[in-house]
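Please arrange chain L on chain Y, whose structure you already have, making use of the hints.
For reference, the chains in residue letters:
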Amino acid sequence: MSKREEILERIPAIPPLPASATQMLTLVGNTDTQLTDVQRVVEYDPGLVSNLLRLANSAYFGTGGPINSVREAVVRLGIKRVFQIAMTSAVAPLAQQEIRGYDLPRNGLLRHSAATALAVEYLPKRMSMRVPDATYTAGLLHDLGKIVMGSFLEVDSAPITLMAYREKLSFELAEHRVLGTDHAEVGAALLGFWKLPQAVVDAVRWHHAPNAYPHADKTVVDLVHLGEHVARICGTSSSTDGMNYSVCIESLERLRMTPEILEQVAGDVLGSLEEICAIFN
Amino acid sequence: MQLTVGISEMRVSRSAEDTLVTYSLGSCIGVALFDPDAGVGGLIHCMLPLSRLDPDKAKQNPHMFTDTGIPSLIQAVLDRGGTRKRLVAKVAGAASPLNDNGMFKIGERNYTVLRKVLWKNEILIAAEDVGGTIARTMVLTIANGRTTIRTGGKEREL
Chain Y
207 MSKREEILER IPAIPPLPAS ATQMLTLVGN TDTQLTDVQR VVEYDPGLVS NLLRLANSAY
267 FGTGGPINSV REAVVRLGIK RVFQIAMTSA VAPLAQQEIR GYDLPRNGLL RHSAATALAV
327 EYLPKRMSMR VPDATYTAGL LHDLGKIVMG SFLEVDSAPI TLMAYREKLS FELAEHRVLG
387 TDHAEVGAAL LGFWKLPQAV VDAVRWHHAP NAYPHADKTV VDLVHLGEHV ARICGTSSST
447 DGMNYSVCIE SLERLRMTPE ILEQVAGDVL GSLEEICAIF N
Chain L
85 MQLTVGISEM RVSRSAEDTL VTYSLGSCIG VALFDPDAGV GGLIHCMLPL SRLDPDKAKQ
145 NPHMFTDTGI PSLIQAVLDR GGTRKRLVAK VAGAASPLND NGMFKIGERN YTVLRKVLWK
205 NEILIAAEDV GGTIARTMVL TIANGRTTIR TGGKEREL
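Heads up: the sequence lines are chains Y and L, in that order.
One point on numbering: in this note's numbering, the residue at position 184 of the first sequence is 390, and numbering is uninterrupted.
One point on numbering: in this note's numbering, the residue at position 93 of the second sequence is 177, and numbering is uninterrupted.
Here chain Y stands alone, though its shape is the one from the complex:
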């Protein structure tokens, strides 16, 4: 069995998402979902209730004016936003852990994930584009593969890092050379196993190689690719991979990105990041 098969075969052994997140996944995919259905699912999970109310009252997610109940949060924010918050609440405990294999300190991946989720929404907003539904969740979950590899499978990133810096290889390509797979493929496999929407799974799978995504509309993949670079500009890189990645020039061109927009978005992200991360600390 190849190393890649060995890694992918262990994905079903990863703990499942909390029940509330799984139920939210079903509700968000169903056009008949009523607000009361969402309210019931949230209220069944006290941790989610607390996180939802705190995030709903944050400057970033808030809608102006205090939100005091789950009902109010669901009505004012809408089902899609509540789903995104439920996913944030579900993965925060995982992303907060120290990830030894990738030399990520406690809260390191949470900061990087939250910064990317914010960047993928601020980028289209700054360009007066509609924010596609899948972007926030894909941005939030794009590096989940690092938790799988660095924590659950205890992959040692040292030989990967050595190869990446010695051969000037983008980090995920070095992962591929050493392990036969990379954190993007592993993360997408886990999200597929958890039955996340295909648009989210695809954006995570191709976030380091948007040109290889086999569909014409690459907007979400491009946004996650560039959003992650913005997150690195915001100082959320780990000491293992740093800024050792390639930027897809075509992603920049497809989105008609300018250096000014990227820098403005970095400022936007930094302005919201501490508040979001503090809610989980």
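I should point out that these hints are in silico values taken from the structure, not numbers from a laboratory.
Hints are supplied without guarantee of correctness; some may be wrong.
[Said to hold, decoys possible] Here are the simulated DSS-like pairs of lysine-lysine, each with C-alpha atoms no more than 30 Å apart in a straight line:
{"hint": "1", "chain 1": "L", "residue 1": "Lys-204", "chain 2": "L", "residue 2": "Lys-169"}
{"hint": "2", "chain 1": "Y", "residue 1": "Lys-331", "chain 2": "L", "residue 2": "Lys-189"}
{"hint": "3", "chain 1": "L", "residue 1": "Lys-189", "chain 2": "L", "residue 2": "Lys-238"}
{"hint": "4", "chain 1": "L", "residue 1": "Lys-189", "chain 2": "Y", "residue 2": "Lys-374"}
[Claimed, not checked] Only some residues are given here: those of chain Y computed to face chain L with a beta carbon under 7 Å:
{"hint": "5", "residue": "Met-369"}
{"hint": "6", "residue": "Leu-379"}
{"hint": "7", "residue": "Gly-441"}
{"hint": "8", "residue": "Tyr-451"}
Values in this document were obtained by computation on a predicted structure and should not be read as measured data.
Heads up, the beta-carbon is just placed ideally off N, CA and C, and yes, glycines get one too.
Then chain L, alone, in the frame of chain Y:
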């Protein structure tokens, strides 16, 4: 006491017990400024080169930008008893992605703006560890002005 300098933040101290540390310097620029005679030093972590990008944000937080952050750091060290001609400046960061095509030259531009501001203020860079694709941690020990860089589990003095 160890004081953490966050992204777009600055800290100044004249307590010999303090260590100032900033993590994850990627394309950002970190500057440690120290007056060995006065025993006062400061550390800043600037994210973006020029404040004209967003004057409102620069007003709220001048330390986000290199062109407004560095003068603020110099002034803060002088205000705490430092003397301009004794100031020792050490610099780290300014990394870039692998195939930087100009769009992401934030690191390089941070460094260029920094040099200009320091030159205007007649401060020379005593030591630096800049460029490449790595993320760096920078530490300034106020007791002796020792500045170290940590990257990938290795530490070296600047």
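Hints versus structure:
1. Distance hint between Lys-204/L and Lys-169/L is fulfilled; the C-alpha atoms sit about 13 Å from each other, no more than 30 Å.
2. At roughly 23 Å between alpha-carbon atoms, Lys-331/Y and Lys-189/L fall within 30 Å of each other, so this suggested pair holds.
3. Using a Cα cut-off of 30 Å, the hinted pair Lys-189/L and Lys-238/L holds, with the two alpha carbons roughly 26 Å apart.
4. A threshold of 30 Å between alpha carbons decides the hint, and for Lys-189/L with Lys-374/Y the separation of about 18 Å falls inside it, so the pair holds.
5. Using the Cβ-Cβ criterion of 7 Å, the hint placing Met-369/Y at the interface with chain L is not satisfied: the shortest such distance is roughly 13 Å.
6. Annotation: Leu-379/Y was flagged as interfacial toward chain L, and the flag is violated, the nearest CB pair being 10 Å apart, outside 7 Å.
7. Contact between Gly-441/Y and chain L, as hinted, is supported at the beta carbon level, the nearest pair being about 4 Å apart and thus within 7 Å.
8. Taking 7 Å as the C-beta cut-off, the interface hint given for Tyr-451/Y holds, the closest approach to chain L being about 6 Å.
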